[in-house]
Structure formats: structure tokens, C-alpha cells
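**Student:** Given the coordinates of chain A, work out where chain B should sit on it, guided by the hints.
Those protein sequence lines, which keep their order, are chains A and B. As numbered in numbering that gives the first Met the number 0, residues 0 to 314 make up the first sequence, in order. As numbered in numbering that gives the first Met the number 0, residues 0 to 501 make up the second sequence, in order.
Take these hints with a grain of salt, some might be off.
Said to hold, decoys possible - Derived lysine-lysine pairs resembling DSSO-like cross-links, with alpha carbons at most 30 Å apart: (1) B:Lys483 with A:Lys164; (2) B:Lys252 with A:Lys164; (3) B:Lys249 with A:Lys164; (4) B:Lys121 with B:Lys109; (5) A:Lys65 with B:Lys391; (6) B:Lys333 with B:Lys376.
No lab work stands behind these hints, which were simulated from the structure alone.
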Amino acid sequence: MGNWGDNVYKYVTKRILLLIPILLGVTFIVFSIMALTPGDPGRLILGENANQEAIDQLNQELGFDKPFLIRYLNYISRAATGDFGNSYRSDRPVFDEIFYRFPTTFILAAGAILLAIFIGIPIGVLSAVKQYSPMDIVSTVIAMFMASIPQFWLGLMMMLLFALKLGWLPSTGIGEFRHYIMPTITLSLPCAANILRLTRSTMLETTRQDYIRTARAKGAKERAIIWKHALKNALLPVITVIGINFGYLLGGAVLIESIFGIPGVGTLTITSIRMKDIPQTTASVLFLASLYCVIMLVVDIVYAYIDPRIRARYN
Amino acid sequence: MLKKVLVFLLVFSMVGMLLAGCGGEKQAEPAVKDSVTMAIVSDVATLDPHNPTAILSRIVFQNMYETLLDYYKGEFTPVLCESYKASDDGMKYTFVLKKGVKFHNGEEMKAADVAYSILRAKALPYMKTNTAEIKDAVAKDDYTVEVSLTQQYVPFLLSVGSQIFIVSEKAAQQYGDDLKNHPVGTGPYKFVKWDAGQQVVMERFDDWHGGKAPIKTAAYKVIGDPSSSVVALETGDVDLSYNIPTISIKSLKENPKINLDEIRTLGCGYLPLNLEKAPLNDVNFRMALNYAIDRKKVIDVALEGVGILSNGIWSDDTVGYSSAISTYEYDPAKAKEYLAKSKYNGKEVSYKIGYESAKKQATLIQEDLRAVGINIKIEQMEQNAWIQDMVKGNYDISSIVMTKAADADMWMGVFHSSAIDKELNFSRLRNKEVDAAFEAGKSILDPQSRIKNYEIISKYLYEEAVIVPLYFKVATPAYAKSLKVAKFYPDGYAKVKDMSWQ
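Chain A extracted, bound-state conformation:
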């Protein structure tokens, strides 16, 4: 395995270096899209009741009056030194804004994904093992329901029930553990549903494989067959889905943030897009893109760890 360790190290380094061209591409796309859409930050920040002089002055202060390529090159050259600029709106360094809100989003995302995993995988496995049993049918129907309903509806319904009718939980805001309960559950249920259904279908496929039949013939315990041998193989696609969902949640679920009054990364990104706050938008998108790349890298490594066949390819 020592050889494998070195190879993984090389592989990881290569993947991280690949981040740089990817992120450069991302910044260019973001800049281009912002340049193509109408509106300028001056007018958006000052509002429609402002006069043109004030708007022009603000645009000039923000450097927005220069042509696209010059703005882009200025941005890249400053970014290379680590200066990603200040938000047009709040005049605070863009990554400060992101990191201020990221812990909240991270707690929600991590909680949601963990909950989704602990609900989705066990129930998915059991549904597959006891296919067509009442439990299977009920959980499949509930999963379909959870995967289809709009999240904001679910969030509002929970709020009406638990905050208004029952008074058990606070309706909005953050601060204490109980503030996070409803948003986390709202975020995790659709995710859990997806994981459940995927686990179920991959398990169904895996348990029909020859090697499972062999294991049974050899007399291995059913529990070990299901939870050790079959699940390990079935999990591969599920891990990818978990990674993708986690990345999505880390980007900030804007609707849930809006409903529950949570100051997260998602609202920051949307507001900065709407306000044509180019430094902030670029930074937020860069951040999200990097997160995704890292998560996918972790997923790949986990794959290699779980599946010896993939591990072999690295040697």
C-alpha cells in the first residue's frame, strides 16, 4: 500500500494544479456574462431614483467605465497577488464577506448531508433487500414525494407547523442549535430521497450479481453479505451523488436561506449578481467552483479506497 500512498499524493497534487486553469476559465466566463448583461453597478447600487451624475461618478470610482479586457486583466493581475478586490456594495474584501457567512452555510450543508446519508442509505438498503414489502412501497412513495415537492413549500409548511401551531421551534434566524433544525431537515429530505432511491436501485442490481450468490453458497452470514459485500459495491454511484449534493448545498440554498432568514453564502451570491457586484460575484463563483473541485477530488479518492480495482489503476 506504500506505493499507493505515493501515487495518491502525486495524483492529488496534479488535480489541485489543474484547479488553476479551471478557475481562470471560470473568472473569464463570469466577467463575460456580467459584461453582456445590461445594467451597471452604479445604477444598481444607487437605485433608480438616483441622478445620472451620481451614477457616472460611482461607476468611475468602481473602475467600471473601462473596457472589458482592461477590467479583466486588472482583475487577474491583482488576483494573482491575492487581492480579489472589495465588494462594490459593502466595500468589504470579497472573501471576508464569503468567509463570514460560510460557517453558517457549512453547518447547514454538513448537517443536511449527514442526515440524508443516515436516513437514505439504511432505508435504501432495506427497501432493496425486502423488495415489494410494505416497508419498501411506503418508503419509495415517501421518497418520490420528498424528491418532487418544492423545497420552499416544505420549509414554509414546517415553519407553520412547528413554529406557529406548535411553538416548538423559532421560525427564523440563527444562533442556537434549535434554529438550525428546520432548515437542516428541509434541506436534507429531498437529498435523502435521492440517496434512498439510488441506493435501493444499485443494491437491487448488486445483490443479483454472481459473487453474491457465491458468497451465500459459501455460507457467509446474510448480514455480512448485505452490509459488507453488496453495499460496498452499490455505494460507488451513491458517493458521487452525495458529493454533488454536498457541493450544491455548500453553494448555499438560496430559497431556504431566504425563508428562514439565514445569512448564508447563497443569498450573498444572488444579491451580488443582481447588483452587478462583479468582484463579489466572481469571488463567490470561484469559491463554489473550487469547493466542487475539491469535493470531486475527495470522491475520487474515496472511490479508490473502497474499490480495489480502481486502486489498482493507480499503481
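**Tutor:** Only chain B this time, still in chain A's reference frame:
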């Protein structure tokens, strides 16, 4: 079997534990609450009072900063000054300041701070409309400030006296650009903290020159979704919400624990018409539009009855308003008459909207116009794209709610010919009489003559059917019944010092 049961129990007990273990204990309410929590729709952008980039910022910092005068329902009340005087030629205003007014940092407010604040506001782009006529502000002695103007400017007391907030010169120099994160004012509340994206918290300033405000702590919480703010209000998580959606108005009014006030604002909802495009360049067509629309129905249906029928762009809250001018009543027959006179050929007229909320009223108007034979195509656009089109005159009809401070002079940027392509003259109105009236109105000292002057504008807008006036926006703040709010300003917001618990 056992395993299955165990797994289920585990999962559901996890969820149950989360709910039960932490929910339950609501703190015992103290006998009289000493804090108030208010919901606002988005985060404040800045707490710098000379950079009021959004109304919401001002709502918050107007508790921490004060102006020389307070303007409410046509009356000026001195706040930071004891008296004021205009020179005979109207070119100089002298303010005698109140003595012993403390800033939150313990320093006393002096004339130097006032002069500094006025000049600081003048240097920043955001307050250009208010400060354009100011030449200089000088501290004559510790308690006297003299502001000199470049020309006679009658709305001075409104646009400068009641809109420029006084900051501590020392604090402004100490914090520089960072003043927006460290407000230091003379107001009844001082700044405690600003959790970005979440809330701004303030605490009563015990050395306030106006006494002691009734409530000790105040927090403005950001709740982006209007429905959530209603739930938060009903559960008591917030005590007041400024962000009530139209559909909740009825149920909140019927809720015995909640008060919902209807405040007429200075926001005028109307349809700007592009005077440079056919068929709108024909006054007959514009008259037809005015007669064809059932404005009362628009308010009742699109706004759920929450809106006040308007006869023009100004209500009696605005100086310059004259009750002598009215507008066209709903009369489809007359509309058809004028339509016939206008030689309208039935081609589609574009009706562009930039806000989701304008959609309902657009559909109703489309029906009304179709009934007299005018074809409208509704185009819903993204807000930024819409603003660009409006400024460039790339539209036929649109819908807008325009809010300006309570003086007709503030509307110069909406109807003066110099504002075409640059400011808010979306109508692209170019009329010498209107231009002259705006320019003259700045310096007419006698109030009656001034009103007569602005009547010229109202009359022109009416006779030429330049726009279709619809309604005055009504703000609907809702709050707990036991919270007493002495007054709401015509922007729909209240100052925390005017609130108290019963």
C-alpha cells in the same frame, strides 16, 4: 426483522430527539418587554448617513443619527437646532444649535460638526439632489452655523435641514471610510453590532438630548421572504414587520393579536408614456388610455384594495400639490371617441414591466384597453434590462412607482427636459413651460405663488395626458397589538423612539 425495527427506531428517535431535546423552553416573558425586534426585507448596505444607497439603510441609521429638523405632515420641528432663520434674499440660512447635545462618543455637538456634515454630504455623489444648491457651510461660533447657497432654494429646509444627518467630525476623521461600520451620532439609540446579512442591533443612548427612549434594545432582523416575516410576526419572533405581502393583509387585519396600519406614502404609481413614440405621441391616444382604464378596479384587484386613488403625481403631502387639478374618470365611451380621433391603427403597443409585482395590474389594464380597441403586448423584463430600456426610451407604455421627497422640486428629474436619457424623464417630456416652472419653483418665496407655479406643471400633465396616474402606494407595516407606535412617516417606517410597550 428485529434489525429493521431497530433501524427505524434509530432514525425516528434521532429526528425526535432533535426536536424534543431543544425546543420546548420559551423564556418567561418579563413583565414589560424592553426590547423590540423588527423585520426588514434585506440587509442594510451601509450605516453611513451620507451614503443612503438604499431606503433600508436610512430606516436603521435614522435611529442613531439626527437631522437639524424633523419634517412630518407638513410641519418642521427643530431637533438639533433651537431656531433657524433665512436671510431676506433667501441665499443664506442660519441655524442656532441646541446646547449640550451629546454624541455617542461623549463629545458635545458643536457647529463645526454640523458644517462638517453638510460639506461631507455635499462631497459624496449619493446626496447630489439634496446638496446641489449649497455653496458653503460655515461655523460662525460654537453654536451657530451659516449655510450659503448658490441660488435661492425654497425647499432648502426639506432637502437639507431634514435630510442631512449630523455626524461627529471627530469620529468621521477617526474612522474615515469605515464610518459606515461605526455609526457615531446624536440619536436616541447607539450602535451595538451589525451581523452582516442577519441583523443590526442598537441600544438606548441614555444621554440623549431628547430624554430617554422608552425601549432599551432594538434589533432589525433580515427576513428575505415576506411569508416568513408574517410567520415570524405571528409567532412573536419579531414584534413588527415592514415586509407584509398583499395576500396576508386581510388575515393580519383579522388577527386579534396584531395591528396592521395603512400608511399613505409619497410613492406615486403611474404609467409613464413614451411621448416620442407613435401612437403615444398623439394626445388623443393618450386621453383614450386615461379614460379607458378603470383605476379603482386596478387597486381593488391588483393591490387587494391597498392603495389610494390618485389624481396626479402629487398628493396633499407634497408641497406644490394643488387640489384644483384632477384627472380623467373611467369612461370607456369617451375613450373610444378619443381613440377614433387619434387614427390608431390597431397595431400592438408594448407595455414593459420590470417588476413581478406589476404583472397583475398589467393584465387588468390590458383587458380594459382591449375593451375599447387598444391592443397591448405585455413584456415582463428583468429589472436591470428594464431600467436601461426606460432610460433610453425603448418602450411604449410602462408601469412605475416613483417616490420623491415631499416637495415638487424633487420631481424635476422626472419631467425636466434636461433629464431625458440621463435621469428619470422616462416620458421624454420636452416642454418649455414645464421646464421654466421647475426652474422658477426653486426660488419663489411666497407659498401660495409657489403652488400656483407648480400648478402649471400639474395642469400641463393633465391636459396633455402625459401619464396615466393610478394610485398612491400604501405601506402596510404590521406589529404586535401591545406595541404602541406613535407615528409612521410617509415612507411607511417608524423610528424606534416613537415605539413603546403597553
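**Student:** Each hint needs a verdict: does it hold in this structure or not?
**Tutor:** Each hint, compared with the structure:
no.	hint	in the structure
1	B:Lys483 with A:Lys164	26 Å, holds
2	B:Lys252 with A:Lys164	19 Å, holds
3	B:Lys249 with A:Lys164	19 Å, holds
4	B:Lys121 with B:Lys109	19 Å, holds
5	A:Lys65 with B:Lys391	21 Å, holds
6	B:Lys333 with B:Lys376	23 Å, holds
The earlier numbered hints are all upheld by this structure, with none contradicted.
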